[in-house]
Amino acid sequence: NAGVTQTPKFRILKIGQSMTLQCAQDMNHNYMYWYRQDPGMGLKLIYYSVGAGITDKGEVPNGYNVSRSTTEDFPLRLELAAPSQTSVYFCASRISGQGASGYTFGSGTRLTVV
Amino acid sequence: GNSVTQMEGPVTLSEEAFLTINCTYTATGYPSLFWYVQYPGEGLQLLLKATKADDKGSNKGFEATYRKETTSFHLEKGSVQVSDSAVYFCALSEAKTSYDKVIFGPGTSLSVIP
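In order, the protein sequence lines correspond to chains A and B. In case it helps, the working numbering puts the first sequence at residues 93 to 206. In case it helps, the working numbering puts the second sequence at residues 585 to 698.
Looking at chain B on its own, in the form it has when it is part of the complex (with noise of 0.2 Å):
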């Protein structure tokens, strides 16, 4: 079946270093790709999503590109704030007749130290 694979956290980091976070996906058919973030306490909120390959989802200085040759969809951030401190869910959406399953992965963990 689909499924979603995330690079293991937790991932520490000093401010405004580097981000990378690793998202691969196995799925059938043209899935659309997202990223959640979950901060201390709060639900998840949509951060990026990419509907089609080689489409680059970008919000709040995060970015993400639908990679379908690699499978990969990956986060980065070229500058880390201490308020991005949370955890970042990979998900991808199989459009059904039925419902729209969304698939999510484990998460990451990020703690960025000043």
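Same shape as in the complex, but just chain A (with noise of 0.2 Å):
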């Protein structure tokens, strides 16, 4: 299994430019989540998504969108970048239901808008 796979792994962007990063999964989980880690912060939730064709905002969903057309990808999306968006950007997925269960994170995207 590959768990859960984010690409690319670094990006830089201009200020304005748009970007989407990608994220896949192969264990069949339904639910799906992107965070951002700020340095010295904890993990903020951005958007999350509890199956195919649901997805939500979380705490901090102002500059991006998701979409989630299948049950494997759930990309996000910026469409005018700003400073203040750069930021590791990490996806993770769970099975669906209780809360006793773990995430599995993918490896991440470090993003820089400049």
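For the record, the hints were derived by calculation from the structure and aren't laboratory data. C-beta atoms are modelled at their ideal positions from N, C-alpha and C, and glycine is treated no differently. Be a bit skeptical, because a hint or two may be false.
Example chain A residues on the side facing chain B (calculated, C-beta under 8 Å, incomplete) [said to hold, decoys possible]: (1) G194; (2) S199; (3) L203.
Make the complex out of the two chains shown on their own, each in a separate frame, by following the hints.
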């Protein structure tokens, strides 16, 4: 199993540019999440999805969009990049339902907006 | 709302020293508790978990006990190694009907020196 795969690993964007961060999982998890991690801070939830076709906002959704057309894929879209979006982005997935199961994380995408 | 508080780092220890990283939480109901570890340049990995009061989670020599009376989930290891150098995140999971929200603490950086 590959687990959760994120691409790219690194990216530098100019202010105002757009990009899509890719996330794919092969574990048939129906819950998927996007987090951002800023230095010295915990993870902040951007968006989540409980299944194909169903997405919802987390704590810090402004400036981002998501879609979930398949169980496997959960891309994160940045439309107009801003320096405040410089961060490390993690995608995660988990088994549905109860809180007892933990997450599987991808290895992250380090994004710098200049 | 629910929250997780961790001791501030960074923590620097000599090899074979005893490790304690404090974690306390605020939650309604009965959350599940987790410790995640993030090695340099990697995503978070589940280290251990506990799902009910007095449960002890353990893995790779690390242990943590779910203490409901003190709302704590302190991480301990009897003898740390250089390879344990990483950032450690305490987290709690709230089982909800819409999604299983996970709240992460800010992380504690550990450096182990030979």
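Going down the list of hints, with the structure as the test:
1. At its closest, the beta carbon of A:G194 sits 4 Å from a beta carbon of chain B; the interface hint therefore holds under the 8 Å criterion.
2. Because the beta carbon of A:S199 sits about 5 Å from the nearest beta carbon in chain B, less than 8 Å, this interface hint is met.
3. Taking 8 Å as the C-beta contact cut-off toward chain B, the hint placing A:L203 at the interface is violated, the least distance being around 15 Å.
Violated hint: 3 only; the structure is consistent with all others.
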